[in-house]
Amino acid sequence: EADIYQTPRYLVIGTGKKITLECSQTMGHDKMYWYQQDPGMELHLIHYSYGVNSTEKGDLSSESTVSRIRTEHFPLTLESARPSHTSQYLCASSGNLTPLHFGNGTRLTVT
Amino acid sequence: DAKTTQPTSMDCAEGRAANLPCNHSTISGNEYVYWYRQIHSQGPQYIIHGLKNNETNEMASLIITEDRKSSTLILPHATLRDTAVYYCIVRPHFGNEKLTFGTGTRLTIIP
Numbered sequence: 001e002a003d004i005y006q007t008p009r010y011l012v013i014g015t016g017k018k019i020t021l022e023c024s025q026t027m028g029h030d031k032m033y034w035y036q037q038d039p040g041m042e043l044h045l046i047h048y049s050y051g052v053n054s055t056e057k058g059d060l061s062s063e064s065t066v067s068r069i070r071t072e073h074f075p076l077t078l079e080s081a082r083p084s085h086t087s088q089y090l091c092a093s094s095g096n097l098t099p100l101h102f103g104n105g106t107r108l109t110v111t
Numbered sequence: 112d113a114k115t116t117q118p119t120s121m122d123c124a125e126g127r128a129a130n131l132p133c134n135h136s137t138i139s140g141n142e143y144v145y146w147y148r149q150i151h152s153q154g155p156q157y158i159i160h161g162l163k164n165n166e167t168n169e170m171a172s173l174i175i176t177e178d179r180k181s182s183t184l185i186l187p188h189a190t191l192r193d194t195a196v197y198y199c200i201v202r203p204h205f206g207n208e209k210l211t212f213g214t215g216t217r218l219t220i221i222p
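Each protein sequence line maps, in turn, to chains Y and L.
With this note's numbering applied, the first sequence corresponds to residues 1 to 111, in that order.
With this note's numbering applied, the second sequence corresponds to residues 112 to 222, in that order.
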């Protein structure tokens, strides 16, 4: 039933590489969110968007950046990956009258 | 700065009703109470939401106190597959607001 897709599901990459985590939704939702979650820990909001060309930083400071050029697409980019970026990244979307829909996440490991 | 507080963990015997409390004493009039759960490291899954009336669906029941300052999620006949972290959040249906998750309640169903 997933209408929100994250790729890749798993990523292992070396320090200093640039990476982009993809998130797409087919529900026409205006609002999209990125959360970061370490194993067994709580979800931390790192970025969110209310619509096209709107991006805001969340509660947890992050070296990543996001863009929202199209409604359905909300990619997250790390210009230079470091081991401290190792975590799970969860994307979500919602409309005004709908619950949050989450993707299955990208588990990133930076070596 | 989550707007809700929940117990860190709870146990429940298989087949019994699991009652998960949530305090949201600063909830405003236009904010709904939402419940999600996260199994292992999958993306959180929507369970139920309500404004002021009690709600029931195929997954659970939601009881909201008359003053709306607290609520209880009820899983009527808990199974082992209900073992998960359960999150209670408050959000308006309309308007733009970043959505913050607290630490949630880790529910363990005991065989």
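Simulated from the structure, these hints should not be mistaken for laboratory data.
Among the hints, erroneous ones may be present.
[To be verified] Ranges between beta-carbon positions, derived for each pair: (1) E22/Y x S152/L: 32 to 42 angstroms; (2) Y157/L x P75/Y: 19 to 29 angstroms; (3) T15/Y x T176/L: 25 to 35 angstroms; (4) V52/Y x Y157/L: 16 to 26 angstroms; (5) E125/L x N53/Y: 47 to 57 angstroms; (6) A128/L x T111/Y: 45 to 55 angstroms; (7) K18/Y x T176/L: 45 to 55 angstroms; (8) S152/L x N53/Y: 23 to 33 angstroms; (9) T111/Y x H151/L: 33 to 43 angstroms; (10) T26/Y x H151/L: 16 to 26 angstroms.
[Claimed, not checked] Chain L is faced by these chain Y residues, among others (derived, beta-carbon under 8 angstroms): (11) G14; (12) G16; (13) V52; (14) T55; (15) L100; (16) F102.
Heads up, the beta-carbon is just placed ideally off N, CA and C, and yes, glycines get one too.
Against the structure, the hints come out as follows:
{"no.": "1", "hint": "E22/Y x S152/L: 32 to 42 angstroms", "in the structure": "19 angstroms, violated"}
{"no.": "2", "hint": "Y157/L x P75/Y: 19 to 29 angstroms", "in the structure": "24 angstroms, holds"}
{"no.": "3", "hint": "T15/Y x T176/L: 25 to 35 angstroms", "in the structure": "51 angstroms, violated"}
{"no.": "4", "hint": "V52/Y x Y157/L: 16 to 26 angstroms", "in the structure": "25 angstroms, holds"}
{"no.": "5", "hint": "E125/L x N53/Y: 47 to 57 angstroms", "in the structure": "50 angstroms, holds"}
{"no.": "6", "hint": "A128/L x T111/Y: 45 to 55 angstroms", "in the structure": "46 angstroms, holds"}
{"no.": "7", "hint": "K18/Y x T176/L: 45 to 55 angstroms", "in the structure": "50 angstroms, holds"}
{"no.": "8", "hint": "S152/L x N53/Y: 23 to 33 angstroms", "in the structure": "32 angstroms, holds"}
{"no.": "9", "hint": "T111/Y x H151/L: 33 to 43 angstroms", "in the structure": "23 angstroms, violated"}
{"no.": "10", "hint": "T26/Y x H151/L: 16 to 26 angstroms", "in the structure": "25 angstroms, holds"}
{"no.": "11", "hint": "G14", "in the structure": "23 angstroms, violated"}
{"no.": "12", "hint": "G16", "in the structure": "26 angstroms, violated"}
{"no.": "13", "hint": "V52", "in the structure": "14 angstroms, violated"}
{"no.": "14", "hint": "T55", "in the structure": "12 angstroms, violated"}
{"no.": "15", "hint": "L100", "in the structure": "7 angstroms, holds"}
{"no.": "16", "hint": "F102", "in the structure": "3 angstroms, holds"}
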